[in-house]
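Chains as they are written, first to last, in full-length UniProt numbering: chain A, 1 to 440; chain B, 1 to 316; chain C, 1 to 394.
Just so you know, these hints were derived from the structure itself, not from any lab.
Ideal Cβ placement from N, Cα and C applies to all residues, glycine included.
A hint or two may mislead.
Restraint ranges, calculated between C-beta atoms of paired labels, are given here [unchecked claim]:
#	chain 1	residue 1	chain 2	residue 2	range
1	A	Asp258	C	Gln382	38 to 46 Å
2	A	Glu335	C	Glu255	25 to 33 Å
3	A	Glu341	B	Leu132	42 to 50 Å
4	A	Ser201	B	Phe127	38 to 46 Å
5	C	Thr17	A	Ser201	24 to 32 Å
6	C	Ser177	B	Asp303	43 to 51 Å
7	B	Asp303	A	Glu341	46 to 54 Å
8	A	Glu335	C	Arg82	55 to 63 Å
9	A	Asp422	C	Arg319	42 to 50 Å
10	C	Gln189	A	Asp323	22 to 30 Å
11	A	Asp323	C	Ser27	55 to 63 Å
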Amino acid sequence: MSLADELQSERETSTGPLVEVRDLEKHFFEGDNILDRILGNGPVAIRAVDGVSFDIHKGETLGLVGESGCGKSTTGETVLRLQEPTGGTVRFDGDSILDMAGDDLLSFRRNAQIVFQDPYTSLDPRVPIGETVREALDIHGVGTLEERNDRVRDLLERVGLSEDQFDRYPSEFSGGQRQRIGIARALALNPDFLVLDEPTSALDVSVQAQILNLLSDLQEEFNLTYLLISHDLSVIRHICDRVAVMYLGEIAEVADVDTLFESPKHPYTEALLESVPRAETAERDRDIETLKGDVPSPRNPPSGCRFRTRCPKVIPPAETSIDQQEYREVMHFRELVEDAEISIHKLAEDAGLSGLEDGDQNLNSRETAAFVEEVKGDVLDTDLTGPPERVVDEAIGHLAEADWESAATVLRDEFESICETDNPELSDDSQPVACHLYET
Amino acid sequence: MAKVGIVLLVGVILVATFAPFLATQPPQEQNLEDSNIPPAGLTYSSEEIAFVDGERQTVTNTVQGSLDHPLGTNQLGQDIYSRTLYGARTSLAVGVLGTVIALLSGVTVGLIAGFYGGRVDDGLMRFADIMLAFPALVLAIALIGLLGPRTLEIPDPFVAAGLADGMPETFTLPLTVTLVVALVNWVWFARIARGEALTVREKNYVKASRSLGASNRRLMLKHVLPNSLTPIIVLATIQVAVIILLESSLSFLGFSGTNLSWGFDINQGRDLLATSWWISTVPGLAIVLAVIGINLVGDWLRDALDPDIGGERGGM
Amino acid sequence: MSEPILRISDLSTRFFTKSGQVNAVESLSVSIDEGEIFGIVGESGSGKSVLARSIIGLIESPGQITGGKIEYRNAPLADEFRDAHPDAVNGDYVDLRSLPEEAVRSLRGPSFSMIFQDPESSFNPTLTVGEQIAEAVEVQRRASSNPRSTKARTSSSEYSLGSYAYGAVMPNRSFVSSKSKDRAIELLQQVGIPDPEERVDEYPHEYSGGMLQRAMIAQALAGEPDILIADEPTTALDVTIQAQVLNLLREIQDETGMTVLLITHNLGVIARMCDRVGVMYAGEVVERGTLSDIFDTPVHPYTKGLLGSIPDLDTTGGRLQPIDGNVPSLMDEEMGDRCYFADRCPKAMEQCLEEPDDASVDGGTDHEVKCVLAQTEYDESQALGDSHFGGGDT
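Throw the hints in and build the complete structure from the sequences for me.
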């Protein structure tokens, strides 16, 4: 019996999802050293992964897609327990991997492997590639040295390298070839589950296509289950069966791949799909509604829905009648007021006021009106009308007295949205989505 | 420059090894008749006031250097050439052994601190920082005072085999000094090893290995240590030179436990510097040449041991 | 149509490295029309960034431009140099390679400017973003008040030792005039930085990646350049931010009518932005034409392969058609006189062992291909086996 058969025969089967992730949380702590403690600074939590749940079924490919810093790679590594989570559970074939130790953990490691993004740091430069691929077999003490070397040669051939490259060093290989070596290493113990962490992001498109085809072939041949982490939506679409979209440490939407790409529900998913430039001639004339602003810092994520600061569909309070365009304008203004980011002193000067001292200022109504106009002209892109305008004017009136607090309160009382007070839960239906728009 | 360094270093090593064959007389042999003879080819005249027949006269003593004592003798009439050869043994033995002990302990501590991080790292590295806060020489002297100047007598294999008759049968290794210089210098290794381990442990090949089920011990020995080695080796070369200097300082100050050492000899000639200058100058030059040689080799190693074998990411 | 604003012919740039000569750009010819966005697409190591640097004379040792012409159409400039450097001038065109180095330097800013892939390392972290943009404005201002004199830009009192010492003692006193700073604010506004009056005084680390890329564009616009060279301007950015920056570049190009040379590996970005495209492979432009020539009716097997390699965003599954093998090393000793793509080409024939000429497709004027297939049909009996190249390892 060859080593490959031996490794194969140890399979056990059970029903249910292969990987079950529930409320997974990974917070990093910054500023937790002695000096910070002496100075009395508390540690700052970076919520890299903040309550993520999903299942991966046997034989499928689940895609995890999101922009840089959304926590997708951390999720992948935590699922394999390469990093210890700070909360939540991960079950593999029904067993909680976070409670594993000793032999249990070792046998989990046999069944779950990872392929990394950067083919240049994923191979030890001082170890010949044959030995790198053999390492898993060495660690688990499988077979004789002869049998292990035979298996390594088979694997090298299988991933498209040649067996006489066994003794070469990583520096002699191109990026695509290194990625093949990384895949061979991951396959050595015949695992059931592979985490593919941006496996093609560092490669040129022509080489990327080779690797994607190889991954598809291997999945079919060895009945593998993949968690594919990528920021590249076209790769996700090409290779995945289901997709989970992540934003700032949370899952925004999960759906099977065709549904997600053809009828996305979450405004973030929509924006993401719209942003990707297509390689076709019609692309030039396509109108792209881009998202405003940048991804907020996971040190200080927005309250409520994480996406609300960039969302084009924030839900206005029911009692206010305001269109989306105006509402976003007001919300932007509110943000500036809450962060005290309007240069009121300069604007006061521009409005012809002599100065703006904190508190003890008595402006007459004409002066206040001039200031209000000046601020609106500087901060707002569109003109407001009706009741919203009156509220904004009132808020600016407080600013004229340098009273940020009252200005913020006035605006919050009138315009507070459910999107900033409640963080939406992932819904429990066929296309789970975490957005207030779809709550009944 | 690398060639000069290698020639100097190999020279010192050869001299230290084969001292019993190269020496012209046992290094400790005293001959008060022949004190203060200058190096071969030089003459040294001194005037001294003597009373000859009850009269006060100025007598001129002229001493001629000869090949019997190619580098002259000291005030005890010991042959400086032979003493300098044997002194190389002490310096090199303390330098290499001290560095090895410092390296083993420092790298172990540094690797563990860097690899595990967190509290372990904090604790070990704060301790290392405290060590660094003391002036090396003061710390060394205090430790020697604490431990006492112990020595270890090592039989000389050449003499035991009857190949170099008449030479000392044992070589005196100043044990305390060796331990103390290691104790003073391990911190540098710990810091470098920690820094490297911090970088290497984040590499994906370490993560990949972990996901294959590798134990921490395996990760450290198989991946982290080999990929941290280059700067450690370079540091080790430089440290040999640093320790040789430290040993010389200690024996100059009389804390050595052996009286066969470059530093000790410099101290001996200290009072006669104005007259019998060669007593201090010869061992002094020996130190300078040895240290320059080792540092040149260290610089060359730094360039030669490129951290990425074969040049990562291949050209352009 | 008017004459091209930039005419590059037979340009060769080589790097003389320790391990041998690298032919990064190899007898490359291409013309860029005024006011268009011309895209250069290629994989890593195709020489596309070296081409960009060659144009504005930023090739540094061990690299060297070893041959060819880079002709830039600028009538006043041509008049100015007609007497002093008659060999550099040809009608309204000036050959940048034949001009003295300081003259080329004085063109950076008002004629050419460049934006790079990595905005983080393109800004000095110890100066505010505003100062760095205002500095670019200042340099342009001085240059235009005293045209073509490089001395005027670097030896004015602002750069003197005295002012340096003054700046060291009074670090808050910036050396840029308030006029330049106002212009910097204007530029930041133009590239869509919110609240530019505040932002102008912030340091690069206070900007996000996308905003820094905008700030870099602002800096490049300071001299109101004729030609903007954008080298992978969005590669380091997330897709949603990439979409913002691409839209911004399009708007600016629309407003100013400047010529843009856009260099990228991303065919989607090319499709979104460009009027005409050149496909680079191994230091050569192997195919060029309008967007539709390249995307709808490609001729060169490499172009076809590149397009076949991209997974389609609008369909699931299916098999990709990758190009076998790897991008060649560009080492001179391995390059020979043949079609460089032949060893990866599914349609390589005996003729491909000789270097192919540029040939236009269907007798048209603009769609040119460096491949024998432009004029001959593929003939299987002439097919090349793997044996010619010592087996392709992938």
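Now for the hints, and whether the structure bears them out:
1. Here the CB-CB span from aspartate 258 of chain A to glutamine 382 of chain C is close to 44 Å, well matched to the stated 38 to 46 Å.
2. At roughly 29 Å, the beta carbons of glutamate 335 of chain A and glutamate 255 of chain C sit within the given window of 25 to 33 Å.
3. Between glutamate 341 of chain A and leucine 132 of chain B the beta carbon distance is about 45 Å. The supplied range of 42 to 50 Å therefore holds.
4. Here the CB-CB span from serine 201 of chain A to phenylalanine 127 of chain B is close to 42 Å, well matched to the stated 38 to 46 Å.
5. Distance hint check for threonine 17 of chain C and serine 201 of chain A: the Cβ-Cβ separation is about 28 Å, which falls inside the suggested range of 24 to 32 Å.
6. At roughly 48 Å, the beta carbons of serine 177 of chain C and aspartate 303 of chain B sit within the given window of 43 to 51 Å.
7. Taking the beta carbon of each, aspartate 303 of chain B and glutamate 341 of chain A are about 52 Å apart, inside 46 to 54 Å as hinted.
8. The hint said 55 to 63 Å for the Cβ distance between glutamate 335 of chain A and arginine 82 of chain C, and at roughly 58 Å that hint holds.
9. The hinted window of 42 to 50 Å between aspartate 422 of chain A and arginine 319 of chain C holds, with their beta carbons roughly 45 Å apart.
10. Take glutamine 189 of chain C and aspartate 323 of chain A: their Cβ atoms lie about 26 Å apart, and the range 22 to 30 Å holds.
11. Distance hint for aspartate 323 of chain A and serine 27 of chain C: a CB-CB separation of about 59 Å, consistent with the stated range 55 to 63 Å.
Going down the numbered hints, you'll see the structure goes against none, and every one checks out.
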